[in-house]
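Q: Read top to bottom, the protein sequences are chains V and Y.
Each residue of the first sequence is one higher than the one before, starting from 1 at the first, in the numbering used here.
Each residue of the second sequence is one higher than the one before, starting from 531 at the first, in the numbering used here.
The hints are simulated quantities; they were obtained by calculation from the structure and are not laboratory data.
From a predicted model like this one, the values you see are computed outputs, not experimental measurements.
Quick reminder that beta carbons are idealized off the backbone N, C-alpha and C, glycines included.
One should not assume that every hint holds.
Subject to a maximum C-alpha distance of 20 angstroms in a straight line, what follows is the list of computed SDA-like cross-link-like pairs (lysine to any residue) [unchecked claim]:
#: 1; chain 1: V; residue 1: K346; chain 2: Y; residue 2: Y571
#: 2; chain 1: V; residue 1: K288; chain 2: Y; residue 2: T597
#: 3; chain 1: V; residue 1: K436; chain 2: V; residue 2: G451
#: 4; chain 1: V; residue 1: K334; chain 2: Y; residue 2: L910
#: 5; chain 1: V; residue 1: K346; chain 2: Y; residue 2: S565
#: 6; chain 1: Y; residue 1: K856; chain 2: V; residue 2: A499
#: 7; chain 1: V; residue 1: K334; chain 2: Y; residue 2: D564
#: 8; chain 1: V; residue 1: K147; chain 2: V; residue 2: Q106
#: 9; chain 1: Y; residue 1: K856; chain 2: V; residue 2: R488
#: 10; chain 1: V; residue 1: K147; chain 2: V; residue 2: L171
#: 11; chain 1: Y; residue 1: K856; chain 2: V; residue 2: V368
#: 12; chain 1: V; residue 1: K334; chain 2: Y; residue 2: I569
#: 13; chain 1: V; residue 1: K226; chain 2: V; residue 2: L44
#: 14; chain 1: V; residue 1: K334; chain 2: Y; residue 2: R584
A few chain V residues facing chain Y, derived, Cβ under 10 angstroms [what the hints assert, rightly or not]:
#: 15; residue: K288
#: 16; residue: L338
#: 17; residue: K346
#: 18; residue: I490
#: 19; residue: F502
Chain V is nowhere near these chain Y residues, computed Cβ spacing over 12 angstroms in every case [claimed, not checked]:
#: 20; residue: Y559
#: 21; residue: Y600
#: 22; residue: W613
#: 23; residue: Q733
#: 24; residue: N758
#: 25; residue: T888
#: 26; residue: A891
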Amino acid sequence: MRRRPTYITHPSRAVNPADIQVYQNQLLLGALKAAREERLTLGLEELPQDVVDVLKESHELHVRWAPERPYNTTVPFLSRISPGLHVLYTPLKEDQPDRLCNLLHQVLGPGLRCESPQSTFTSPALISERFAQTASLQYYSLLPSIKPLVAYLQRKVCRPSDLVCLHTATLLNIADSVDFDYDSISHTLTLTTMWSRQPDIIYDPIGEFTTLDAWNLDIPRSGSDKVEVGILSPAPAPEPSDLQLSGFLIVVGEDDHPKPTLFSFPSRHHSLSLDQSKLQRYTISFDKPTGLHPILRISFASASSLTEPKNKPVGSVCALQTYLTLPSHIFADKYAFLSNDPLFQKSHNLGRLRSITGETDLEAPNYVVNKWGSTILLEIQTPNDRESNHKDSAGMWDVTIPLHLRYLEPTAGGTSTVEVPWPIVFWACTAEDGTKFPVNPFDRTQLGYDGLFGPRTMFYHLNPAPQNGTIVERIAVPVLDTEVTSPRTIEYLTIVSIALGFLWVLFKLRWSTSRTGSGNDGKKNLKKKL
Amino acid sequence: MPSLLASVFSSRTSIFASAFLLRAILLVYGIYQDSVSAIKYTDIDYYVFTDAARAVTWRSSPYDRATYRYTPLLSWILLPTSWGGLWFHFGKVLFALSDLIAGWLILMVLKRRGLQEGKALKYASVWLLNPMVANISTRGSSEGFLCVLVMALLWAFETGKITLSGILLGLCVHFKIYPFIYGASMLWALETRSSTSTSTTLQSVLKFFNTNRILFISASLLTFAALNVLMYNIYGPPFLQHTFLHHLTRIDHRHNFSPYNTLLYLSSAQQAVPSLAGASAALSLESLAFVPQLLLSAFLIPVGMAKRDLPATMLAQTLAFVTFNKVCTSQYFLWYLIFLPLYIPNSSLTARPALGATALALWVLGQAAWLQQGYQLEFLGRSTFVPGLFAASLGFFAINCGILGIVVEDVAISPVMNVVAGSRPSVSVSASASGSKPTSKTETNAVSQRSTDGPRSSRPRGNSVLDISDITSVHLGPRNRVLKSN
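Take these sequences, add in the hints, and give me the full structure.
A: What follows is the structure, given as structure tokens:
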């Protein structure tokens, strides 16, 4: 196992190297306010057998998880995904019996709707068959808590006596992102966990003390394994496409003092400048009443501020985009978008549909849909795209995306609640030729949307700004109310009505056939009636 | 003013000119609305057809377009829509012209049945000047195109062109499955008048297969089979799946006018989620829905009525088929509306205006009640499945059954007509074979004479024409919108 902890402090709180205590087999540093990333690289022999079994059938497997509460990003951890569990997977063979869903159920909870990769996963769009940048299958599920993973690690990975292991695992509960990456070339599994800030409260079970609002670093060297600790702060980068970090690197067990460092690297993911990122925050809501055709609304507080990133490279071309991850109960009518009708786009402030994949059947109810759902990449019009209409640029800027709900199972009460994760919104900008993102030691790919762009694309992420602390929307869906009328009553009433209607027509018909040839009678009859 | 109206309704040119103008205006208005508004006048299905036509120009299958569930013929006919520019609206023009041709055929059939030009025109304008019909076809719904085929089928049959009507029937059934029910009534109507009253079963079976019937059956089956083999050879299994098999496997759970709808939603959910099933085990009963539907529309109504009044029989069959169907949307109403002008001259709905007005009002109110519930569900998100929508669809079903009862009864009191029964078709077949037209013509005249003597001409008709066309202005727009948004 290789461990690589990285702590990123605000430049104003840069660490004094004298505070870092480096011993032969241990590193100590108290009361650090910082974002943190833990990267563990594990060989197959270090993993539980059921995990190994699945990984051996995988060409590549990438798991991404984000919580339902918002968090602030920090250089260099700038990427964003919709809250929930994202899986990108390429099986080794096309038609192998696949146990991935079983493993997901074991590790992340039995509640996940996952039959098998063939039936549940969707195939992301490929921009190029030859240079496929993304895995062949995609899966998503809402997953409000990563607790099942913590329990799995404590049960299957930690020794029951290993207090540190048991305790460290619980830290995942407050993580802001959890990634697993495996590929069949390196045969290693990487677990990358990121906390955007120090925990409010943390208890050390060995030292038996509690720390408030800070990390306490006590990083031992474990056996022969290398531990490379970074304690860094962001610094202004020389190139707009680059990020720069300065601070100290310590290899525990090798180094006897913190080694000062300053390095920069190109990054796929960026944030906007401080003022721009405040002005371009977005809020998601559904227009009320939602009915069966909810309209998702992306609201920006200031239309006039919705401009390209100021910190983009010179000559870079940008477009504002949104990437929606829609569970199967909600979907978009792709033909409404594909028509590229300028009037439709203008009325919704939308641009071109860049990609729509997954379950887009317009008719199927949710209970017969096997796939997990669909993803949509859409361009967003900005006020600047409409030079003619200046009055729009005052005040808010709203983008609306018409969606549809599938029918859900009947319930007692007549309403079901479904959840929709907030989409992410970003400026996609071109990077210069020759920019080599993979040299970034914190590079993060396989997020679903990145594979839909060319390899030299930069993402300037906008921050979600929820009113109520969650970036998952809840919609009440009307369903058949089994309390008002029982299924049996519906059945009987339907059958009785059909039977009566049938008999009524039959009666009229019999009356007619019994009078065959008696046209004159009929005529008389009618005349009498008149 | 009344005299002016009368003269307008009596002139063939003015009726067809107004019908043409009505459609032309709607067409141009539709193009205008589409160009300025995000809410399109054009029917959503029209985009399906044109996408499919575009797929065909790219030499791929029309079934590459999801929800294209029609014969490839339709996408072939609409190929010009892919030429760009105003050609996009070619299909709507075609469908609107189909309306006019259907109207002309209605006129022909009415006149053949002995109505004077003026009266025939008046009834034909129930179709020709009906804004609902004009609206549906100019929005680009293909139902109007099917209607002209069905009316051509009836016209061919009524004029004794047995082979042509067989071919048209095959084509109609290939286009949409339901017209096969007309095969039953037409077969039944093609009876040889028997002189001997006593016969064994074998004899009567043999007698059933007279020349005309064999001709009709073979022409329709050959056309149907040939078209299907052709399409299957070109497009393979997707053709079968989308054109025919889809209708067997679809779930039809989304709310529509059908009385089965709530039950279908419930049972589809119970099949998918067994835990829901609970106590109710007999829910697969809806798979027997075709029994009453087909018994009525393909057997009982043809046998009981076809020999008396074929157009009214076809109206009753279609009404029964649509009313007892597992899925029913507003476009299906056009299927029976086409026969209305042929039925009302002879109908107690016009003979007794109070009855006619009540039936019309109930038909409209039944839909209005359903639409109101549907609106609450779709747009306000209220769970109106039960009791609202359920009751509304059962109510609408009852109203339709009531109207169907009136139609059936009306035919019952009419005499068995020689127009459709017995020797006439064989005469005209031999006439067309030998080229001696006078024979059939004299007979037609005789028939006309007889029918003008009948009860229909002596009855007051009220202003039924205006009544019927009013249906649409009342509610077509909103209804279509609600349904389209599904």
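Q: State for each hint whether it applies.
A: A quick look at each hint next to the structure:
1. V:K346 - Y:Y571: Since the Cα atoms of K346 (chain V) and Y571 (chain Y) sit roughly 17 angstroms apart, the hinted pair holds (cutoff 20 angstroms).
2. V:K288 - Y:T597: violated (30 angstroms)
3. V:K436 - V:G451: Holds, at about 16 angstroms.
4. V:K334 - Y:L910: Status violated; Cα separation ~24 angstroms.
5. V:K346 - Y:S565: Cα-Cα ~13 angstroms, so holds.
6. Y:K856 - V:A499: holds (14 angstroms)
7. V:K334 - Y:D564: holds (19 angstroms)
8. V:K147 - V:Q106: holds (12 angstroms)
9. Y:K856 - V:R488: holds (19 angstroms)
10. V:K147 - V:L171: Holds: K147 (chain V) and L171 (chain V) sit about 10 angstroms apart, inside 20 angstroms.
11. Y:K856 - V:V368: Answer holds: K856 (chain Y) to V368 (chain V) is near 19 angstroms, not above 20 angstroms.
12. V:K334 - Y:I569: Holds, at roughly 16 angstroms.
13. V:K226 - V:L44: Given that 20 angstroms is the threshold and the Cα spacing comes to 18 angstroms, the pair holds.
14. V:K334 - Y:R584: holds (17 angstroms)
15. K288: holds (9 angstroms)
16. L338: holds (9 angstroms)
17. K346: Holds, because the Cβ-Cβ distance from K346 (chain V) to chain Y comes to roughly 7 angstroms (cut-off 10 angstroms).
18. I490: The hint holds - I490 (chain V) has a Cβ within 10 angstroms of chain Y, the shortest such distance being about 5 angstroms.
19. F502: holds (4 angstroms)
20. Y559: Holds: least Cβ distance 16 angstroms, greater than 12 angstroms.
21. Y600: holds (16 angstroms)
22. W613: W613 (chain Y) is indeed farther than 12 angstroms from all Cβ atoms of chain V, at 17 angstroms.
23. Q733: It holds; Q733 (chain Y) is separated from chain V by about 21 angstroms at its closest Cβ, greater than 12 angstroms.
24. N758: holds (25 angstroms)
25. T888: holds (15 angstroms)
26. A891: The claim stands: A891 (chain Y) keeps its Cβ more than 12 angstroms from every Cβ of chain V (closest is about 20 angstroms).
Violation of the numbered hints given earlier is confined to hints 2 and 4; the remaining hints are satisfied by the structure.
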